[in-house]
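For the record, the sequence lines run as chains A and B. The first sequence runs contiguously to residue 387 in full-length UniProt numbering. The second sequence runs contiguously to residue 387 in full-length UniProt numbering.
Among the hints, erroneous ones may be present.
Same chains, same label: a pair holds when it works inside one copy or across any pair of copies.
As the list claims (entries may be wrong) - Cross-link-like lysine-lysine pairs, in silico, DSSO-like; alpha carbons within 27 Å at most: (1) Lys2 - Lys158; (2) Lys113 - Lys152; (3) Lys152 - Lys185; (4) Lys116 - Lys185; (5) Lys59 - Lys46; (6) Lys2 - Lys152; (7) Lys158 - Lys116; (8) Lys345 - Lys59; (9) Lys2 - Lys113; (10) Lys116 - Lys59; (11) Lys152 - Lys193; (12) Lys2 - Lys193; (13) Lys79 - Lys55; (14) Lys116 - Lys152; (15) Lys185 - Lys2; (16) Lys83 - Lys247.
No wet-lab data here; the hints were simulated from the structure.
2 protein chains.
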Amino acid sequence: MKYSDRILNTPSSFIRDILKVLDAPDIISFAGGLPNPVSFPIEALKEAIDGAIRKNGSKLFQYSTTEGYSPLRELIAEKYRRKFGLDIQSEDILITNGSQQALELIGTVLLNKGDKVLMEEPGYLGAIQAFSLCEPEFLSVPLEEDGLNLEKLEEVLKNHPVKLIYSVPNFQNPTGLTYSMEKRKAIRELVSKYDLAFIEDDPYGELRFQGESLPYIGAGYLENSILLGSFSKTVTPGMRLGFLITKNAQLMRYLVTAKQGSDLHTNIFTQYAIHEYLLNNPYEEHVKRIVELYRTQATAMLDAMGTYFPASVSYTRPEGGMFIWATLPEGQSALKLFPKAMEQKVAFVPGDPFYVSRREVNTLRLNYTNATPEVITEGIRRLGSIL
Amino acid sequence: MKYSDRILNTPSSFIRDILKVLDAPDIISFAGGLPNPVSFPIEALKEAIDGAIRKNGSKLFQYSTTEGYSPLRELIAEKYRRKFGLDIQSEDILITNGSQQALELIGTVLLNKGDKVLMEEPGYLGAIQAFSLCEPEFLSVPLEEDGLNLEKLEEVLKNHPVKLIYSVPNFQNPTGLTYSMEKRKAIRELVSKYDLAFIEDDPYGELRFQGESLPYIGAGYLENSILLGSFSKTVTPGMRLGFLITKNAQLMRYLVTAKQGSDLHTNIFTQYAIHEYLLNNPYEEHVKRIVELYRTQATAMLDAMGTYFPASVSYTRPEGGMFIWATLPEGQSALKLFPKAMEQKVAFVPGDPFYVSRREVNTLRLNYTNATPEVITEGIRRLGSIL
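In isolation and in its complexed conformation, chain A is listed as follows (with noise of 0.2 Å):
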């Protein structure tokens, strides 16, 4: 049988497939990109479920329409109104299956294929694989520690008709940086020159535990602003729970149509449980747990790394998220280092799979929100002791 070209040119996820042999015990994963599982609202997730039955009945269990539950985008959108000040509507906002959906519907109904599409390098590979199934041309510009190179991004977009730019402005994925205020500002004025959509992605806006939250660079300020979100690294990523918001109500309708196409709508027990879930819980408290979290964890593998990587690697110091970032000296290859990481039982993500151009890269990913201090600690001394 004869596949499509789209098939064919769409990468398998790497971390995905890798994930399948960390399976022992044993070792030690900085691999995943999991949230960890203590922050998961277990009791408070059961009660919603038995409350929003009680009050809604077989509704949780029929068929429901495509842009989502009503009640849960009002309160997605009281919450950007309130928290960001911006002008967001229940109607601008599609409940979609996780983020990742989302990408996949933005790629459906905007790219053609050949069309340009502009990724941060490195860049969240779950974008690079959703965009891929339309066949599009990547193009990338360095990401830095403020964000985007702004020379290299006025660059591409003066030299090529790009469709979309993707960004993940907050504790990037994978690299852990923040864009700053002034690059933010920066990208919003150039961007605005030209006619293209502008994604940002925030899974992980929320857990910050260094810093002050930023303005969307996007959102709020420009005709094609598109700002994902999402349930997955703050309630539970398994209910598979994320919403798009955009103001431009024909691309809104667009997204629409591709749903019904997709998968007709989103699992509708779940929106009802989590819209329960957050009209009775203090849902901020809860975040806030999470970050104490996650800033205890990314401080022992800082720590470690300090102590026990040689100072020819380098690494990111995030303000948030779940990622940091780390470079080999020039030359040297994360994917060959794998083996022998292996070897010591400990793992992490080559950065191959984040670039849409380079290969046999001399950067790394690490996760540290799945383990404690104690095991983090021990996981960077094996990973340093073969650096």
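Knowing the structure of chain A, use the given hints to seat chain B on it.
For chain B alone, kept in the frame of chain A given last:
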């Protein structure tokens, strides 16, 4: 902003659009395709959720595998081995967000722009919508009382490089028709000579209230057979749990890559819940009760049609499922009938969206699963008054 060619060519769901105007409580609607909510095992599902959390804790809330929850896949595989004698193993099963997502994934991995897709005429509009996202060329073969017209099918296969065939062999949507044993064998033999994927979508197969269950056309026989199933019509549609079965391992690998890019994985919370429900409850007895309910409703509708419809209107007599298909006299338009029906406060789906190349057709779809026999009789009386 410029949108993709594929979304500009994808129809919005006519049904979901007209359902929005049907909110008034005094309208009798035969337009939906909703299971009867009394069929949802709400209490048993609540207990299943409690049990699944008690046994598995945070696993219900964490990220999970793209393929789906293994014990659920095994339970599904076992059913197809037991009930149909098919050699299905858990690795042949992919859990999807309802069958609708399976259709989208199949299109993604198989269809290049312009590839030929063969549909039943009339055919399921959700499939037309899902495949449209890949911009194929649709061909169609008339669906007769006992299945596809064989001469026409052979002619199309001889003259066009068909990439996939989409069929609903049991109680088809929209017609309620079922393929006969003879047609199943003949189609299998014919199709086996061609290099194409044969999709059997079977969401209604268990809802048979008359006659004997028949073997599948492709599953167990054809190399590129894809069988789709769902818990939407027998347990709950709100949890969006469907599944795809194929023995073609290469095809399965590509489908998994496509699903990774689409949404990482299906809601694992509800996969655990449905699995626990299936383990601890008499599923077959539960389905029997739904069948009895739908038999009563179908009978009420057919009886009322016998009483109130003029002899010039013909209609199908389904052996199961959820739909009856009516044909008005030649030259009449069901679409033009619709506003008149709304004046009588009764709704149906005009046939148009179920055809890939015909408009202003004289056919319409009636759903009987969501009203009492009394209401069904009254609705058909109203409809009869304008025929």
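Hints versus structure:
Taking identical chains as interchangeable, the C-alpha atoms of lysine 2 and lysine 158 lie at most 27 Å apart only when they sit on different chains, with a minimum of 18 Å there against 39 Å within one chain. Taking the closest pair of Cα atoms, lysine 113 and lysine 152 come within 27 Å of each other only inside a single copy of the chain (24 Å); across copies the shortest separation is 34 Å, beyond that limit. In this homomeric assembly, lysine 152 and lysine 185 come within 27 Å of each other (Cα to Cα) only inside a single copy, at 16 Å, whereas the closest approach across copies is 62 Å. For the homomeric pair lysine 116 and lysine 185, the shortest alpha-carbon distance inside one copy (23 Å) is at most 27 Å, but the shortest distance between copies (48 Å) is not.
Proximity of lysine 59 and lysine 46 under a CA criterion of 27 Å is satisfied in both settings, with 18 Å inside one chain copy and 14 Å between copies. Taking the shortest alpha-carbon separations for lysine 2 and lysine 152, only the inter-copy value of 24 Å comes in at or below 27 Å, while the best intra-copy value is 40 Å. In this homomeric assembly, lysine 158 and lysine 116 come within 27 Å of each other (Cα to Cα) only inside a single copy, at 13 Å, whereas the closest approach across copies is 39 Å. In the homo-oligomer, the alpha carbons of lysine 345 and lysine 59 lie at most 27 Å apart only across protomers (24 Å), although the nearest pairing inside one protomer, at 48 Å, exceeds that limit.
Taking the closest pair of Cα atoms, lysine 2 and lysine 113 come within 27 Å of each other both inside a single copy (19 Å) and across two copies (13 Å). In the homo-oligomer, the alpha carbons of lysine 116 and lysine 59 never lie at most 27 Å apart, since the shortest distance is 42 Å inside one protomer and 39 Å across protomers. Taking the shortest Cα distances, lysine 152 and lysine 193 sit within 27 Å of each other inside one copy (16 Å), while across copies they are farther apart (55 Å). With identical chains, the CA atoms of lysine 2 and lysine 193 are at most 27 Å apart between copies only, with a shortest distance of 16 Å across copies and 43 Å within one.
In this homomeric assembly, lysine 79 and lysine 55 come within 27 Å of each other (Cα to Cα) only inside a single copy, at 23 Å, whereas the closest approach across copies is 35 Å. In this homomeric assembly, lysine 116 and lysine 152 come within 27 Å of each other (Cα to Cα) only inside a single copy, at 15 Å, whereas the closest approach across copies is 43 Å. Within a single copy, lysine 185 and lysine 2 get their C-alpha atoms only as close as 48 Å, which misses the 27 Å cut-off; across copies the closest is 25 Å, which meets it. Taking CA atoms no more than 27 Å apart as the test, lysine 83 paired with lysine 247 passes inside one copy only; the shortest distance there is 17 Å, against 51 Å between copies.
Hint compliance for this structure: hint 10 alone is broken.
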